[in-house]
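Colleague: These protein sequences, in sequence, are chains L and H. The opening position of the first sequence corresponds to residue 1 in the numbering used here, with each subsequent residue numbered one higher. The opening position of the second sequence corresponds to residue 132 in the numbering used here, with each subsequent residue numbered one higher.
Since the hints were made in silico from the structure, they are not lab data. No residue lacks a Cβ here, since even glycine has one placed at the ideal position from N, Cα and C. Any given hint could turn out to be false.
Claimed, not checked - Each computed BS3-like pair below joins lysine-lysine, with the alpha-carbon atoms no more than 30 Å apart: (1) Lys4/L with Lys597/H; (2) Lys21/L with Lys466/H; (3) Lys21/L with Lys674/H; (4) Lys4/L with Lys466/H; (5) Lys21/L with Lys62/L; (6) Lys160/H with Lys19/L; (7) Lys19/L with Lys244/H; (8) Lys244/H with Lys18/L; (9) Lys466/H with Lys11/L; (10) Lys700/H with Lys18/L; (11) Lys668/H with Lys597/H; (12) Lys276/H with Lys478/H; (13) Lys434/H with Lys110/L; (14) Lys376/H with Lys19/L; (15) Lys236/H with Lys18/L; (16) Lys216/H with Lys62/L; (17) Lys18/L with Lys376/H; (18) Lys386/H with Lys19/L; (19) Lys478/H with Lys19/L; (20) Lys478/H with Lys245/H; (21) Lys276/H with Lys236/H; (22) Lys386/H with Lys466/H.
What the hints assert, rightly or not - Now the stretches of chain L that chain H is said to cover, found in silico as 3 or more residues with beta-carbon under 8 Å: (23) 8–17; (24) 67–76.
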Amino acid sequence: MPVKSLDELRKIREDQIKKVKLRETGESDDQTIEILVGMATCGIAAGSREVLNELITQISTKGIEHIKVVQVGCMGYCHSEPTVQVNMPGHEPTIYGNVDRNFVGEILDKHIQNGEILDDHVLIKTYHSAL
Amino acid sequence: MTTQRTHIMVCGGTGCVSAESLQIVELFKEKLSGVGYADEVAVIKTGCFGFCGQGPIVKIHPDNVFYVKVTLDDVEEIVNEHIIKGRTVGRLLYKEPETQKPLPKHDEMSFYKKQYRIALRNCGLINPEDINEYIAFGGYEALGKAVTEYTPERVIDIVKASGLRGRGGGGFPTGLKWELTRKPVADQKYVICNADEGDPGAFMDRSILEGDPHSVLEAMAIAGYAIGASEGIIYIRAEYPLAIKRLETAIGQAKEYGLLGKQIFGSSFNFDISIKLGAGAFVCGEETALIHSVEGNRGEPTKKPPYPSIEGYNGKPTNVNNVETFANVPPILIKGAEWFSSIGTEKSKGTKVFALAGKVNNVGLVEVPMGTTLREIIYDIGGGIIGGRAFKAVQTGGPSGGVITVADLDTPIDYESLKSIGSMMGSGGMIVMDEDDCMVNIAKFYLEFTQDESCGKCTPCRLGTKRMYEILDRITQGEGTMADIDKLRTLGKSIKDSALCGLGQTAPNPVLSTLEYFYDEYLAHIKEKRCPAGSCKALAKYKVIEEKCIGCTACARVCPVNCISGAPKQKHVIDEAACIACGACFTACKFQAILRP
Chain L
1 MPVKSLDELR KIREDQIKKV KLRETGESDD QTIEILVGMA TCGIAAGSRE VLNELITQIS
61 TKGIEHIKVV QVGCMGYCHS EPTVQVNMPG HEPTIYGNVD RNFVGEILDK HIQNGEILDD
121 HVLIKTYHSA L
Chain H
132 MTTQRTHIMV CGGTGCVSAE SLQIVELFKE KLSGVGYADE VAVIKTGCFG FCGQGPIVKI
192 HPDNVFYVKV TLDDVEEIVN EHIIKGRTVG RLLYKEPETQ KPLPKHDEMS FYKKQYRIAL
252 RNCGLINPED INEYIAFGGY EALGKAVTEY TPERVIDIVK ASGLRGRGGG GFPTGLKWEL
312 TRKPVADQKY VICNADEGDP GAFMDRSILE GDPHSVLEAM AIAGYAIGAS EGIIYIRAEY
372 PLAIKRLETA IGQAKEYGLL GKQIFGSSFN FDISIKLGAG AFVCGEETAL IHSVEGNRGE
432 PTKKPPYPSI EGYNGKPTNV NNVETFANVP PILIKGAEWF SSIGTEKSKG TKVFALAGKV
492 NNVGLVEVPM GTTLREIIYD IGGGIIGGRA FKAVQTGGPS GGVITVADLD TPIDYESLKS
552 IGSMMGSGGM IVMDEDDCMV NIAKFYLEFT QDESCGKCTP CRLGTKRMYE ILDRITQGEG
612 TMADIDKLRT LGKSIKDSAL CGLGQTAPNP VLSTLEYFYD EYLAHIKEKR CPAGSCKALA
672 KYKVIEEKCI GCTACARVCP VNCISGAPKQ KHVIDEAACI ACGACFTACK FQAILRP
């Protein structure tokens, strides 16, 4: 299918960028939001892999920019797995526990998009004080 | 699910491919489907990361973890630990040579910290065999903009204003070259990409073609639009099979997308690209010789003028640019001439890719802004000299260049500064030498190369380089005389003045430059019959240091010609007449009792 105009090329790019966006280009700035998912044995057993995949899918469908989802090892809250840590640039990290697929949407809509911290699931609000 | 959460990038450049990286890709795919992760994790074969000394390289996104020297045996552990459990495999991380501190992220490594990648921007980032990934990172936008929004004159003005100069060595302003080729009226004009990378040790053009072939195709089409050509030819040496294969794939995909062919982006501009394989003769990097070779004639240079911009391929105006030059063009059109000219020095804009080789810790491909000093490249990026030995010289510009000594390490590198210290930019080969390298021998190596590669058309180059080589050979055999030095100087000067093309005109440079900076080494070879670096076999004399020898017999046992005598627990002696100076005894001795010449 021949590309007949610059707009058509840009349309292809918009489709394709979704597939490769997670790669660090060297031009990414410090404004990227990081979501860390605990993927140790305890996390996986509690369903963290489903949570991780749900995050990836929803971020893609909602078209959220400047965000990356990284899997990490055990965060030490094995009693409340799956755990998800949200690092917003310029804010203290927040750790959520007992995250399930339904709660993923709330993290993205309320916390990421609106900066609202979801107290029900918070394990730690800052690194200085555990609840 | 369409989007994967993790991309495993495996280097697919020639260096890593020779270390089984393609098998690593397959094994990753196999192991991932074995554990049921094939849908979530993509394995992508990408272009050269530049850190060839540490290959095969595997980079994991978005975690941004950089694994080095990965083997087939490591794949399962990476899958089980990193992919499934989110735990970084510590033993595969790169360790800084000085601190031995493992670093997971590549932007923390001093090898990458001072680099600025324009020509290599997509190498290691995209799959070179997928045009969609090139487009995703902004590919073909520059071509689209050029043919739909700019006039050819405007394109030339932008390239001129950017200050881009030829990266193949000469440093001729690219925009000016395009303008000169645009001017003459002709029914057909040509764009040729010079991919005949011939300098020993230089491999940036190959890496760009292997890692990001579309950037060169796109730039050639832009050049075609600017000068008014509808045909492009890539002249590439047949000994680059992987680059050729990826170029063919890329050309096929670009044609399918209508980005090459007729009426590109709906405009009236047509452009097609074909590949011409060269036999790998060094002289064919010279543009007139290259054009003759493309025409099917002997690869011999002809006198300029007429310049190819007036009378080139098939007698038509032809614009020849090198691969790295082309790779810089699309970003210039997207980000603007001002952005490009803000990088670099007054007369040399942008960046330059260097192939760092020889006695440095971090061997590989580095791209730095013009004006970076040699010290930064060798010590910060290159991680210093292997084994902490003393730096002696760095050779730049390949067989056309010269040596640079410690006195000039802080010179900011650009076309002019390198020339003023007796070397040249060349295509960017940079060979670092330490105290064990004999400078006479180095000069001999380059002359052996040039006299072998001389096409034979003009006498100064054909005979002159041969004679220079013979004289150097004599000196390294310990049979040189002081008159030889004068002969080298006279010959060198007359070859420079009278040879037909760049090959001959620059061939004496390695000799003249070592004569200037390392005259004492020549003297030692001639007067004392001694090679100070100990690398000229004919002059090397090994000795046993009596006080240190404990008579362990280790040296005598490894000597291939049995010229070391001595009973166990007695001092040993080397028979210098029989010694072939292989150095085996030096390596075998655990007590530093062998004196190396």
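Colleague: With reference to the structure, classify each hint as holding or not holding.
Modeller: Consistency of the hints with the structure:
1. With a CA separation close to 57 Å, the supplied pair Lys4/L and Lys597/H exceeds the 30 Å bound.
2. Annotation: proposed proximity of Lys21/L to Lys466/H holds, straight-line Cα distance about 20 Å (limit 30 Å).
3. The suggested pairing of Lys21/L with Lys674/H is violated, with an alpha-carbon distance near 63 Å, which exceeds 30 Å.
4. Distance hint between Lys4/L and Lys466/H is fulfilled; the C-alpha atoms sit about 23 Å from each other, no more than 30 Å.
5. Restraint check: the Cα-Cα separation between Lys21/L and Lys62/L comes to about 14 Å, which is no more than 30 Å; the hinted pair holds.
6. Only pairs whose Cα atoms come within 30 Å are accepted, and Lys160/H paired with Lys19/L is accepted, the gap being roughly 18 Å.
7. Between Lys19/L and Lys244/H, the direct Cα distance comes to roughly 27 Å. Compliance with the 30 Å bound is thereby established for this hinted pair.
8. This hinted pair checks out: Lys244/H and Lys18/L have alpha carbons roughly 28 Å apart, not beyond 30 Å.
9. Between Lys466/H and Lys11/L the alpha-carbon distance is near 20 Å, which keeps this suggested pair within the 30 Å criterion.
10. Among the hinted pairs, Lys700/H with Lys18/L is inconsistent with the structure: their alpha-carbon atoms are about 73 Å apart, more than 30 Å.
11. Taken as a hint, the Lys668/H and Lys597/H pair is honoured in the structure, with Cα atoms around 22 Å apart against an allowance of 30 Å.
12. Note on Lys276/H and Lys478/H: the hinted pairing holds, with a Cα-Cα distance of about 28 Å set against a maximum of 30 Å.
13. With a CA separation close to 72 Å, the supplied pair Lys434/H and Lys110/L exceeds the 30 Å bound.
14. Proximity of Lys376/H to Lys19/L is assessed by CA-CA distance (about 25 Å); at most 30 Å being required, the pair is judged to hold.
15. At most 30 Å may separate the alpha-carbon atoms for a hinted pair to count; Lys236/H and Lys18/L meet this at roughly 23 Å.
16. Of the pairs offered as hints, the one joining Lys216/H and Lys62/L holds, with about 27 Å between alpha carbons and a cut-off of 30 Å not exceeded.
17. At roughly 28 Å between alpha-carbon atoms, Lys18/L and Lys376/H fall within 30 Å of each other, so this suggested pair holds.
18. Distance check on the hinted pair: Lys386/H and Lys19/L sit about 23 Å apart at the alpha-carbon level, within 30 Å; holds.
19. Proximity of Lys478/H to Lys19/L is assessed by CA-CA distance (about 40 Å); at most 30 Å being required, the pair is judged violated.
20. At roughly 21 Å between alpha-carbon atoms, Lys478/H and Lys245/H fall within 30 Å of each other, so this suggested pair holds.
21. Distance restraint check for Lys276/H and Lys236/H: the Cα-Cα separation of roughly 35 Å exceeds the 30 Å cut-off, and the hinted pair is therefore not satisfied.
22. For the suggested pair Lys386/H and Lys466/H, the alpha carbons sit about 26 Å apart, so the restraint of at most 30 Å is met.
23. Given a C-beta distance limit of less than 8 Å, the hint that chain H covers the stretch 8–17 of chain L holds, as 6 residues qualify and 3 suffice.
24. With 6 residues bearing a CB less than 8 Å from a CB of chain H, the stretch 67–76 of chain L meets the requirement of three and the coverage assertion stands.
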